[in-house]
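Sequences listed follow chains V and R, in order.
Numbers given in the working numbering equal positions in the first sequence, counted from 1, plus 35.
Numbers given in the working numbering equal positions in the second sequence, counted from 1, plus 102.
Mixed in with the good hints, there may be bad ones.
To be verified - Below 27 angstroms or equal to it, Euclidean Cα-Cα: the simulated DSS-like pairs (lysine-lysine) are:
#1 R:K272 / V:K169
#2 V:K97 / V:K73
#3 R:K272 / R:K288
#4 V:K44 / V:K97
#5 R:K288 / R:K348
#6 V:K166 / R:K346
#7 V:K166 / V:K73
#8 R:K288 / V:K169
#9 V:K73 / V:K44
#10 R:K272 / V:K73
Hints listed in this document are in silico derivations from the structure and should not be mistaken for laboratory results.
Since the structure is predicted, the reported quantities are computational estimates derived from the model, not experimental observations.
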Amino acid sequence: MLFISDAAKCRLCSQLSSAFRGLLWFAGRWCCAWINQKTNPEDYVGRVRDINSCAPACACEKHRMSRFSPGVVAGSERLSRFIFHPMHLDRRGNVKSNFFGYVTNNGCSVQRESLAANAEMSMFVSEFMNKNPKAVWSGIVEAICENVRIVQADDDLPQGTCVYDTAYEHNSSHAEICASRTLQEDGDANELRHDLWELFGAGHLGLPESYRDGAVWRNLSADLRDRRISK
Amino acid sequence: MAPNQLRSTSVISIFAAATAIPQYVGAVPMDASVSQKAKLEVMRTTADATEFALEVVKATQQVPSELFTTQFVIVGDHTDVAARRSLPVQSGRVAPRDIMGATADATEFALQVVKAAQQDPSELRKTQFVIAGDHTDVTGRRLLPAQSARATTPREEVIGEIRGWINLGKNWDGEGADVPIPSSLKDSEYFIDLLSVGYHFPEPMLLGNGRAGLYWNEGDLYADLEFLGDGRVTYFIEHKGQGKHKGVVHFRRGEMPPVFAALLRI
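Generate the whole structure from the sequences, applying the supplied hints.
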């Protein structure tokens, strides 16, 4: 939640958002970087809501949101999302729709395939698994960015999701998919999860051993590779 | 033997103490083979009471006359150890049920069985009481071992998985997930209870916001339900080639909202 002192900046950004694409691009850049930095702490509640409040209509897709990012996410880029928790898999080992649940609250993390080298991906996987002792890398799902951006949870919306370049210092290929507005609790969130689930392979996942011809998998330590799912 | 005579030989009582964690005080009959373990026993949890009730019922099924020496009294309303559910005093006849997904259900049922059998001993002979598989109690802190060899049913599997989530803490998925919301988990359990045997049981799912959901991806059916925890359920249901439906409905325990009966073809 934004503090009162931040609300004024948020309002300013919101008012400037219409000019984000025009001459005031620098204002947009400042706003987007500020919003990202402000709403990024791990314990922040309502990141997607506050991004939409400060920069509506995916305005920050046109600006770098993180200083670690090499640039905004292009429509042609392939995005991958890594499965680490058995809760996201069904009895047959396919991905469930809750895997995309973060799109409406914290943002749904993805990796930009064209940016990250195998070593960076291995480091990302290793860091995540080392931080979360129960995490098991079960596989990945992929989709093209421009297809993600045309997902519509509501027929009245031209764009249901935004894709932002929210890179980290050690993970420059990190990006996020966020709902383009705060959804009402009327089934829109359920539909958005479904649409992303369908777009990212309708439950089918690529195995770690075959992702990038196994290069990322091979770079992991033996104990991380040996982790098994225990429900 | 008349009920009055039963009461006169009353030896087992369970009382609810007016404390946050109810205490159950039970005593077994002096000459009973129901339980040799205690003549006077304090049961501090619902699970203990359940176990004792099971012993009573099991013994009386083997030797129906055993019940005649036993009176099983429940005083007041009991809450379970987590104070998340009340077990109201039950009266009337026993409704036979084949599957009990919850230990709390088993407790409730055991109490009904015993009470009804006290009023009409022949009632017991009409009743099947089966506890199969390992059940955790509502807080997931104690196991009741299997009482008979029967495979866990799909319903029990789903409910068991949902129950296990209550122990998850914040950030259970490493992506910043919220703590599971008990009222949402409960609503999803109640929903599962309403699905008929033979129906395609859904996959339970926990969302990053701490809410429980149910998910179907079977044949031409895709469905995603989210239990908001305040008695409402949001849904998106699609039958491939036949259109999709979404919305929000109110859900009350024991009543399947008509929209789901129609769309999920339950």
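Between the alpha carbons of K73 of chain V and K44 of chain V, is the straight-line distance 27 angstroms or under?
With Cα atoms ~11 angstroms apart, K73 of chain V and K44 of chain V stay inside 27 angstroms; holds.
Just to be careful, I want the Cα atoms of K97 of chain V and K73 of chain V compared with a cutoff of 27 angstroms; is the pair within it?
18 angstroms, holds
Would the hint linking K166 of chain V and K346 of chain R be met if the CA-CA limit is 27 angstroms?
40 angstroms, violated
Can you confirm whether the C-alpha distance between K272 of chain R and K288 of chain R stays at or below 27 angstroms?
19 angstroms, holds
Do the alpha carbons of K288 of chain R and K348 of chain R lie within 27 angstroms of each other, as the hint requires?
22 angstroms, holds
Please verify whether K288 of chain R and K169 of chain V have alpha carbons no more than 27 angstroms apart.
Measuring from Cα to Cα gives roughly 25 angstroms; hence the hint holds.
With the threshold set at 27 angstroms, check whether the alpha-carbon distance from K272 of chain R to K169 of chain V stays at or below it.
Status holds; Cα separation ~14 angstroms.
Please work out if K166 of chain V and K73 of chain V have their alpha carbons no farther apart than 27 angstroms.
Holds: K166 of chain V and K73 of chain V sit about 23 angstroms apart, inside 27 angstroms.
Given the hint that K272 of chain R pairs with K73 of chain V, test it: the Cα-Cα distance must not exceed 27 angstroms.
Status holds; Cα separation ~21 angstroms.
So if I understand the rule, the pair passes when the alpha-carbon distance is 27 angstroms or less; does K44 of chain V with K97 of chain V pass?
Since the Cα atoms of K44 of chain V and K97 of chain V sit roughly 19 angstroms apart, the hinted pair holds (cutoff 27 angstroms).
Hint 6 from the earlier list is the only one contradicted by this structure; the remaining hints agree with it.
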